[in-house]
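*Asks:* Next come the chains, spelled out residue by residue.
Number of protein chains: 2
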Amino acid sequence: MRKKQKLLVAKIGGNIIEDQVQLQQFLADFAQLKQPKILIHGGGKEATKLAAKLGIETTMIAGRRVTTAEELDIVVQIYAGLVNKSIVATLQKYGCDAIGMSGADANAISADKRPAKPIDYGYAGDIKSVNGTSINKLIEIGLVPVFCAVTHDNKGQLLNTNADTIAAELAVAMSPYFETSLFYCFELPGVLTDIHDNDSVIEHINLETYNALKKAETIRDGMLPKLQNCFEALHRNLKEVHIANAEFISNPNCKHTKLTLQ
Amino acid sequence: MRKKQKLLVAKIGGNIIEDQVQLQQFLADFAQLKQPKILIHGGGKEATKLAAKLGIETTMIAGRRVTTAEELDIVVQIYAGLVNKSIVATLQKYGCDAIGMSGADANAISADKRPAKPIDYGYAGDIKSVNGTSINKLIEIGLVPVFCAVTHDNKGQLLNTNADTIAAELAVAMSPYFETSLFYCFELPGVLTDIHDNDSVIEHINLETYNALKKAETIRDGMLPKLQNCFEALHRNLKEVHIANAEFISNPNCKHTKLTLQ
Numbered sequence: 001m002r003k004k005q006k007l008l009v010a011k012i013g014g015n016i017i018e019d020q021v022q023l024q025q026f027l028a029d030f031a032q033l034k035q036p037k038i039l040i041h042g043g044g045k046e047a048t049k050l051a052a053k054l055g056i057e058t059t060m061i062a063g064r065r066v067t068t069a070e071e072l073d074i075v076v077q078i079y080a081g082l083v084n085k086s087i088v089a090t091l092q093k094y095g096c097d098a099i100g101m102s103g104a105d106a107n108a109i110s111a112d113k114r115p116a117k118p119i120d121y122g123y124a125g126d127i128k129s130v131n132g133t134s135i136n137k138l139i140e141i142g143l144v145p146v147f148c149a150v151t152h153d154n155k156g157q158l159l160n161t162n163a164d165t166i167a168a169e170l171a172v173a174m175s176p177y178f179e180t181s182l183f184y185c186f187e188l189p190g191v192l193t194d195i196h197d198n199d200s201v202i203e204h205i206n207l208e209t210y211n212a213l214k215k216a217e218t219i220r221d222g223m224l225p226k227l228q229n230c231f232e233a234l235h236r237n238l239k240e241v242h243i244a245n246a247e248f249i250s251n252p253n254c255k256h257t258k259l260t261l262q
Numbered sequence: 001m002r003k004k005q006k007l008l009v010a011k012i013g014g015n016i017i018e019d020q021v022q023l024q025q026f027l028a029d030f031a032q033l034k035q036p037k038i039l040i041h042g043g044g045k046e047a048t049k050l051a052a053k054l055g056i057e058t059t060m061i062a063g064r065r066v067t068t069a070e071e072l073d074i075v076v077q078i079y080a081g082l083v084n085k086s087i088v089a090t091l092q093k094y095g096c097d098a099i100g101m102s103g104a105d106a107n108a109i110s111a112d113k114r115p116a117k118p119i120d121y122g123y124a125g126d127i128k129s130v131n132g133t134s135i136n137k138l139i140e141i142g143l144v145p146v147f148c149a150v151t152h153d154n155k156g157q158l159l160n161t162n163a164d165t166i167a168a169e170l171a172v173a174m175s176p177y178f179e180t181s182l183f184y185c186f187e188l189p190g191v192l193t194d195i196h197d198n199d200s201v202i203e204h205i206n207l208e209t210y211n212a213l214k215k216a217e218t219i220r221d222g223m224l225p226k227l228q229n230c231f232e233a234l235h236r237n238l239k240e241v242h243i244a245n246a247e248f249i250s251n252p253n254c255k256h257t258k259l260t261l262q
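Line by line, the protein sequences give chains S and L.
Each residue of the first sequence is one higher than the one before, starting from 1 at the first, in the UniProt record's numbering.
Each residue of the second sequence is one higher than the one before, starting from 1 at the first, in the UniProt record's numbering.
Heads up, some of the hints might be wrong.
List of simulated lysine-lysine pairs, BS3-like, C-alpha gap at most 30 Å [to be verified]:
(1) K93/L <-> K137/S
(2) K128/L <-> K258/L
(3) K155/L <-> K93/S
(4) K45/S <-> K239/L
(5) K45/S <-> K4/S
(6) K239/L <-> K258/L
(7) K113/S <-> K53/L
(8) K117/L <-> K6/L
Sample of chain S residues at the chain L side, in silico, Cβ under 10 Å [said to hold, decoys possible]:
(9) L82
(10) A89
(11) A106
(12) G222
(13) L224
(14) Q228
The hints are simulated quantities; they were obtained by calculation from the structure and are not laboratory data.
By construction, the Cβ of each residue, glycine as well, lies at the ideal position given by its N, Cα and C atoms.
Using the sequences and the accompanying hints, generate a full structural model.
*Replies:* Written out as structure tokens, the structure is:
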């Protein structure tokens, strides 16, 4: 079998999207990478701002947006509209042939509306399947898919879906086609043993050390579901995950956290 | 030379986008067409509504939006976000593998910001070039591009661009690859000799009769720039243009106006 090409699946979150200087630098660096690549972005803070301007109060439960019909319109406008197209236009400026996508486009990501019990999150989608064949065709014709955190249910309904989860599912779905690595771009340099000390980066976590760090409660709070997500993806044939600062994109040897099973 | 495949480039405007029943029917019919196809849509009325909700007054000059920075954000949110993704999700429901696009996506449509003199239209874009090669690749892998009325300047700036013009430019740009026909979906059955009589459809207009109709002032007001646009496209190797009601999509033999040079 021919050796698979490398594919980078990178996810950028709210902190970088909010900061125009950081975002421009990240996109300039991302555009430079010559290998096949996919970008996933959030945009929650911008959506919350627009909702506030429209007098709509955003309800969050356990860090997740309750997506009413009104909020869904805002989410689609901001994620798939303003944020996605601004990123695509910027990547084009830097010579990267980006194509902005929601899960509905090219039927890339299908989801089910989350059951209303125990908690009704409204138009929130849980991913059912990722269309790796379709995404691969876009990459084969030289395009760089840029995904926002919107999916669809194949019945005409758009759904709000967690961007971290989309990134992990995309990375897994692309693994039959590529040697895929997943990169979560993070405001910190990686997973820290001491949240107040940026020098305390744990450079490698495997399944064994992950379980030990959980037990010792070194990994807790928001980092716990993030890492759980990552290890689930690793169990599904993803080769490696990197949790790192934006710097990683231009300097993959910078100090950061690498996750693998072994 | 191998006979070219047929391509339909269809443009739907505000009247159909506003009306959910008409829009669903149109998209169901459009999805049924087995030939390669491209859809272009407006969304101006929805954008004006959101602007009003945000307390932003929309200025129109000669029927064209003055696109301030604030208005541009709204235009991108509504056109590329809400309207585009709703159409794409609906087409997917009907089994049509649509992909939503702005001119920035896949670098499909490049434009220049319109000079601020004599009238400053703000972030309005005049089309410079259409990337037929790139759009053709998307069609070749089985996708149906759905364009909103947003372009980019290749320097990172998104621009608001007239949807009628995008449709004509796309049709011309795709003509080297396909036997292309352009369809403007219209609230009336076609170009009428008497605006109050839907039975007065002019079934065929060529360059000669167009000039005669202009001279007689049978064609005037908003129809004049529309037809001028069409004849410019015909002069640039587009084979035919149809101005017709939505019915045309499912019944191309219905009474409507067909424009050709000869």
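*Asks:* Could you run down the list of hints and mark each one as holding or not?
*Replies:* These are the hints, each one checked on the structure:
The suggested pairing of K93/L with K137/S holds, with an alpha-carbon distance near 21 Å, which does not exceed 30 Å. Note on K128/L and K258/L: the hinted pairing holds, with a Cα-Cα distance of about 27 Å set against a maximum of 30 Å. For the suggested pair K155/L and K93/S, the alpha carbons sit about 5 Å apart, so the restraint of at most 30 Å is met. Of the supplied pair hints, the one linking K45/S and K239/L is violated, its CA atoms being roughly 48 Å apart against a limit of 30 Å.
Between K45/S and K4/S, the direct Cα distance comes to roughly 37 Å. Violation of the 30 Å bound is thereby established for this hinted pair. With a CA separation close to 11 Å, the supplied pair K239/L and K258/L stays within the 30 Å bound. At roughly 29 Å between alpha-carbon atoms, K113/S and K53/L fall within 30 Å of each other, so this suggested pair holds. Straight-line distance between C-alpha atoms of K117/L and K6/L comes to about 41 Å, which puts the hinted pair past the 30 Å bound.
Interface restraint check: L82/S against chain L, minimum CB-CB distance 5 Å, threshold 10 Å, status holds. Satisfaction of the interface hint for A89/S is found here, the shortest Cβ-Cβ separation to chain L being roughly 4 Å, below the 10 Å cut-off. The criterion of a C-beta within 10 Å of any C-beta in chain L is met by A106/S, whose closest approach is roughly 5 Å, and the hint holds. Interface restraint check: G222/S against chain L, minimum CB-CB distance 28 Å, threshold 10 Å, status violated.
Nearest Cβ of chain L to the Cβ of L224/S: about 32 Å, over the 10 Å cut. The hint is violated. A cut of 10 Å between beta carbons decides the hint on Q228/S: the least distance to chain L is about 30 Å, and the hint is violated.
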